[in-house]
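One-letter residues, chain by chain:
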Amino acid sequence: MTVKEKKGLVRAKELYQDRSQRAKELKAEGKKVMGYFCLYPVLEIFTAFDIVPFRILGDMGEPITKADSCLPTIVCPFIRSALDLGLKGRYDFFDGVVMCHSCEVGEKAAHIWRIYMDPSYYHFLDTPHTVHAPAQQQFKGQLEDYQKTLEAFTGKKLSAGKLQEAVATCNKQRVLVRELYDLRKSDPPLISGTEIIEVMVALMSIPVAEGSDLLQQVISEVKERTDGPQKKPHRLLLWGTVIDNTALVEMIENVGANVVMDDTCVGSRAYFPMVEPTDNPLDGLSRRYLVDIKCPRTFHEAAYGDTKKDYIKDLEYRFGYLKDFAKEWNADGVILQSIRYCDIHGYDTPGLQDYLNHIGLPNIYIEHDYSEGALAPLRTRVQGFLELIG
Amino acid sequence: MTKVVILDGDGKTLSALIGPTGPEHRRLANKVMADALARANLAFSEISYVVATGYGRINVPFADRQITELTCHAKGIASLFPAVRTAIDIGGQDAKGLKIRNGKLVDFVMNDRCAAGTGRFLDVLVGTLGLRIDELGEISLKATQKLPISSVCTVFAQMEIMACLSEGTPLPDIVAGLHDAIANRVVKMIKKLKIEPDVVFTGGVAKNIGVVNALQETLGLNVSVPAEPLLTGALGAALLGRELALKALAEGKPVHEKELRLDEPTFFKVK
Amino acid sequence: MSEEKKKKKAMNRLKSMYPLRANIDQAYERSVEATKAGKPTAWSMVNWWEADPILKAMDIEIVYPENFGAVCAAMGKAQKYLDRADAEGFPTHMCGYARNGIGYTAEMTELGHIPPDAPMGGMPKPILLLASGALCDARIKWFQSLGRYLDAPVWAVELPHPGVEESQLPGVREKSIQFMVKELKELVSFLERLTGRKMDWAKLEEIADDLIEINRIWYEINEFRKVRPCPMHSRDFWSCMNASLYPAGDTKVSLKLYRDMYDEVKDRAANKIGAVENEKYRMVFGELPPWHALKIFDDLAERGWNFVVESWAYHAPKPIDYSKISDPLERIATQTYQWLTGYFPDALKEKEYMGYFAYPYLEWARTYQCDGGLFHPLLTCRTATNHLVLAQDRLLNKLHVPSLVAEGDIVDLKLFDYADTMRKAVVLEEMMDHYKQVRQEKGFEW
Amino acid sequence: MALIMGMDIGSGTSKSVIVRDGKPVAYHLLPSGVDYRAVAQKLREESLAKAGISASDIADTIATGHGAGNVAFSGHQASDILCCARGITSIFPSVRTIIDVQRTFTQVIRLNAAGHVINFIINEKCATGSGCFLDIISHVLQIDLKDAGPLSLGSDNPVVFTTGCAVFGESEAISRVSEGASREDILAGVHQALASKISTLVERVGLEMDCAMSGGGALNVGLVESVEKKLGFKLLVPEQPQFINAIGAAMMAENGVKAGVSLPEPGSTKIT
Ligand SMILES: Nc1ncnc2c1ncn2[C@@H]1O[C@H](COP(=O)(O)OP(=O)(O)O)[C@@H](O)[C@H]1O
Ligand SMILES: Nc1ncnc2c1ncn2[C@@H]1O[C@H](COP(=O)(O)OP(=O)(O)O)[C@@H](O)[C@H]1O
Ligand code: SF4
Ligand code: SF4
Ligand code: SF4
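Protein chains in written order, with the working numbering: chain A, 1 to 390; chain V, 1001 to 1271; chain S, 2001 to 2446; chain E, 3001 to 3272.
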């Protein structure tokens, strides 16, 4: 089998292991490749410009060295790792980068990226903190500016039609991701949590349409295969910070559970929300990205403008979707995981635990250093948790 | 340390043994086992079921099952103290808080990756002070006041202690300070479980009367200590093993899922 | 003259600082009294004039949990609250002020009243939690997480953070300010609903204008510090900054006191009176000082170290003309936006894309002619820390200004190592001497 | 010419050097143990005896290192960064970058042509980048420190340490052992981890040649080789790397005495 012919899961794994191979090929064919950080740099806009979007991720297996000369060590190691890879030249094939205000440190890393790597195209999206109507308006205005700087960079004008097409392309991929996730509902799931991460990371490394083809292959392959995951005593839902590496899930799946659903930004958080087609596509886009992506970096609350506050109602509003996930995917436990020094997720965990306890879903919170080797101590915790839920 | 407990079919202890100290001896699980067997006058083939637990549980090739020390300690302690609701285990690698209801583990916390707040903290500092681990408790009883230790990290606490010794702080005060430091850290951690009596303190560090006292003081509660705190984990493992074996027998299933041999794990690759 | 007396004179504090500092302290005490007497109170995050004037105009008392964290730490009362926050399940790497505030709130809720042993009379139960989107995730997330203990609504004030170049795109400034104004309008009507009171627009206008004027004067005062020898030490800055950062106390009184200070500093500058005798090294300080170890500045003053400027985040915005802006909310928004982006055009010229925090150090090192920097990163505060490595690097490699990092924390005061810092300070002197030569060889002005 | 004593009371070992006319004439080393004050006293007595001189022959004593404050009889203390700089310069005047690997701290120091410090960086509050990490791992593996270096040279497949923390490094080493990694590979892995930390520090202060390595860590051939490999050039290693700071301390007094600079009264804790 030659490289090109690899399909489905094998292809996904290959892309997972060597993320840049396809992007580099496309670049050699004359396409532009752009890195983006976090989820907010709108994929549809890249796609409409026929630019290959490439999510900037870190590497849990690689010690962070260079980044220490521009970021202190007491901040999110995922960001440090991503910046480190950039400084080491791993992302040199980018024609540009689009950064955003994901979180405080993410924003600073974005500026640092520009200072030290000076990409030929750079745009910073100042994602608002709230989802109020003026914030959506503000975000839409930023998308307009972003589109303009890209037009200037590429020398191409973008029509609403082109953007609408891109919306359809990306939505199609999202439907396929959901279809793939549906295959995790059976017991045993047809696809493991580890494989899902490989597929998701692969999707974030190739053009959206190609990703959809890959998804279609994976879906039909997974449906037919007989050597899928084994039935295990537990089915878990995984919540938390970005997971772009299989090590953690592999560890969990090795101690007696299948990870059947996730809420992380290399998983459902990134793909489940759909874009509503609107006359001006930017309306639907700003809404989807700012409001519908349920990342704790954004201030979501039930009681906007309400002078009363009801804690459980607020929790229900913020985390209710997790109850649905657990129900539909039949999860009997939740693992809340966070990268150390992530303030965003850290503040949410006690509340989320309150909520899960309120609805009677066993849960455990684990913290890690975004490092493959540091996972061993977590094994006992996870295994103990599984023993405890019976 | 590696410990072995062998139970008979009725749950009576046939042999209990504590092996040599130190992580480097973990690979000697088979030797400790052989010793324990010899003491009970048993052959390995007579053992129906082996459960390995503890930090090194994956390094026991001759075990039927690996169960975490969380579950095993809970089981072992509950068998000795049926009224236990909170258990504190401080061992050489970590410290844990266990919430137990009706003999079953329902929640737990573990210390995070840091040697401070575990037996390692004392082991390292005992080296600094030129003492033996088993004399710490007695020494601390002579303290007139407790030295507050501010460093959270073992390496830095070591430097702090050296500075205090140079300034002439009496040894008992330092040792008592160390015990307090451990108790504070551990209590802080297990507070997440909302501590309720009866409280049982187990693990190697429970042999240290100084830490026992410090814990009681910090908690403001009485704390029971098993006669053999080092063995509760192994005891729990044996009890669980017995249950598993009996269950398999009752269901008419084979007890062993694989063939077991009393092998030494391959630790150091032979070049 | 005896040794002792000479030492005391190494640093020469401003006379006008004392009444201003007393005014701030009194304002604090009065506010505690008022809230105890039952005045509605909001807990607020430092928001750089965006929301405080509005609360003040509506006669809502403001307490600052960040500030309360500093107070608890300074009085040695923080540990109990931190432990409580840990026990509540909040990760320990989170901001010390936040954990202090969470622990305090948990305890207050459990007791049903202000904990009797709380420092400075404690923080009363709030009617509102006013979160701020400015420059820190904790400032929003922390208040949201208090929902476990308090039924007070949380309101998140927005502040855009455009990139340096992006902020200069056509229309961005106007759009951003309009966005802030819209959000502030919503806040006003929300507050009206919450308190059942009407906004006193005239009062708002007055407060906003006072603050703008205070900031203008404060800015001018700091401009005098560019003179050699520098007439005002960082310690005077820190003693007085609160009256400009928060609308602490009567703004009219603050205004007068800042005017007095202006006169004194101007006079010193004209007569070449330095804040430190024999100014040898002109220093920039990074982040907040180790409050419990301020004596270190006396020791350093003896060696001729004068601290002439400090972190951007506590400084007043570069003055601009607000007189044409008729809407007071827009005036407020514009001032905050100006504070945030005021250095961006200069930063862009130099291709320095971290236009706040990091870039101002460069501009100041140049305009205040600094020989070196002393940075005091606060370990659990990401906001105060994440730009310092970059700033150090830029200072050294662009301007040949060396700096020293002496770690500390906002609540764990023991983290700051006094003796070690002094030991390293001596090494920094050798470095500063070297780089002074380098700058001269390269044709720099200082 | 007068004799000067330099003392380096380190977190692991205490070192003294007696210097005459800028030349070290006697070295002595003791484990720091638990009582810095006592060890300083003992170190002085033993080194005087070793050199066959009496305390009155010593014109001045300068102390440096973590426990310098406990050297009651010292004329004054000096920063170990400056001492390290002076010490190396006295041996290798061409050095512009020093890597000083001690037990708890690792520091990289940049010098100008005059031997003055122009930048430095210390790996603090984390033991991974310092000798301590090695000590911990050697202890786990039951290997004598002296043998750790030579042994690691035999590794062809160094273990990759992914953690950034010594305490974690210990558990990682243990699990690697249980996965079957050899001791050689683990040691080599530790050296590589240290070397990569060190190279980051070097990068941050900005390298200029020549580059020397000092401190107890420089006694470890495995570490020296790993650092050389990582940086891509040969390091200058003095004959007595562990004594460099003590030598430098003595140099500080030497220079002071020669230049006629009066030193503070003995007993004053003034920092030079
Ligand atoms: N006789 C004793 N007196 C006091 N402390 C002891 C004694 N024996 C062991 N310890 C402490 O107990 C620790 C080991 O506890 P243990 O429960 O065996 O841990 P682990 O199972 O993690 O190896 C040692 O680190 C030591 O500090
Ligand atoms: N013979 C040796 N071989 C290899 N390494 C050694 C040897 N002796 C000491 N070391 C290393 O040197 C370190 C101590 O260095 P040193 O400069 O004396 O530190 P300190 O001044 O902090 O005591 C130890 O941690 C150890 O790793
Ligand atoms: S967790 Fe949220 S903010 Fe962080 S990278 Fe993912 S989507 Fe972005
Ligand atoms: S893990 Fe947390 S700190 Fe890191 S990028 Fe995501 S939101 Fe930001
Ligand atoms: S992290 Fe820093 S800026 Fe944010 S709330 Fe805490 S102290 Fe304030």
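Think of the hints as simulated: they come from the structure by calculation, not from any bench.
We treat Cβ as the ideally placed atom computed from N, Cα and C, and that holds for glycine.
Worth double-checking, as some hints may not be accurate.
To be verified - Sample of chain A residues facing chain S (criterion: CB under 7 Å; computed from the structure): (1) A28; (2) I74; (3) P128; (4) G351.
As the list claims (entries may be wrong) - Not close to chain S: a few residues of chain E, all C-beta gaps over 12 Å, as computed: (5) D3035; (6) S3079; (7) L3111; (8) G3206.
Index of numbered hints that the structure contradicts, given in increasing order:
Hints 1, 6, 7, 8 not satisfied by this model.
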